[in-house]
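K.L.:
Sequence:
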Amino acid sequence: MAVGFMLAHPYGFTRVMSSYYWPRNFQNGKDVNDWVGPPNNNGKTKEVSINPDSTCGNDWICEHRWRQIRNMVAFRNVVNGQPFANWWDNDSNQVAFGRGNKGFIVFNNDDWALSETLQTGLPAGTYCDVISGDKVDGNCTGIKVYVGNDGKAHFSISNSAEDPFIAI
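So the sequence shown is numbered by our numbering: it starts at -3 and just counts up by one.
Think of the hints as simulated: they come from the structure by calculation, not from any bench. Be aware that a few hints might be false.
Stated by the list, open to error - No farther apart than 30 Å at their CA atoms in a straight line, the calculated lysine-lysine pairs in the DSSO-like style are these: (1) K26 <-> K42; (2) K140 <-> K98; (3) K40 <-> K26; (4) K148 <-> K131; (5) K148 <-> K98; (6) K98 <-> K131.
What the hints assert, rightly or not - Estimated spans, in silico, between C-beta atoms of each pair: (7) G121 <-> N24: 26 to 36 Å; (8) N24 <-> I46: 35 to 45 Å; (9) V12 <-> E43: 19 to 29 Å; (10) V12 <-> Q78: 17 to 27 Å; (11) S111 <-> Q78: 37 to 47 Å; (12) E59 <-> N135: 44 to 54 Å.
Cβ coordinates follow ideal geometry from the N, Cα and C atoms, glycine included.
Work the whole structure out from these sequences, hints included.
P.N.:
Dropping the structure here:
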């Protein structure tokens, strides 16, 4: 969620970092393997292999390849140069904002569900949430969001969702 916020918000210079797996071994509250460097064979860093499902192999994690991150990079590119607009919050841990008339994002980091009709600033139409899916052959594989002629859309996000945010 934090990377999604960073990529949606216009402030600053963004950088997406990827990582690798290491065998964690906690003893007395400390990971005794915290010194382990990148995946290697006898000190030679392993190549990053790409699996058929687009994930990485050889103990590389490659967060930048995850659908949510990859799609938020595309979102950022689409909204680049658009003003920060239509801020909404619930005085707790639910926030939403738009980027001009090009994008809108909603976050639910509360312990309860979000169900709100919000002003998006977007033109009327059906939008695909880039967090829960992709747009394939003109169809959404994830959540569809309907924006009315008034620029408003209803958002429902469970607090127990795997990814409790929506970006359109």
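K.L.:
None of the hints should be skipped; say for each whether it holds.
P.N.:
Here is how each hint holds up against the structure:
no.: 1; hint: K26 <-> K42; verdict: 26 Å, holds
no.: 2; hint: K140 <-> K98; verdict: 16 Å, holds
no.: 3; hint: K40 <-> K26; verdict: 27 Å, holds
no.: 4; hint: K148 <-> K131; verdict: 21 Å, holds
no.: 5; hint: K148 <-> K98; verdict: 14 Å, holds
no.: 6; hint: K98 <-> K131; verdict: 16 Å, holds
no.: 7; hint: G121 <-> N24: 26 to 36 Å; verdict: 57 Å, violated
no.: 8; hint: N24 <-> I46: 35 to 45 Å; verdict: 38 Å, holds
no.: 9; hint: V12 <-> E43: 19 to 29 Å; verdict: 20 Å, holds
no.: 10; hint: V12 <-> Q78: 17 to 27 Å; verdict: 20 Å, holds
no.: 11; hint: S111 <-> Q78: 37 to 47 Å; verdict: 27 Å, violated
no.: 12; hint: E59 <-> N135: 44 to 54 Å; verdict: 27 Å, violated
Of the numbered hints stated above, those contradicted by the structure are hints 7, 11, 12, listed in ascending order.
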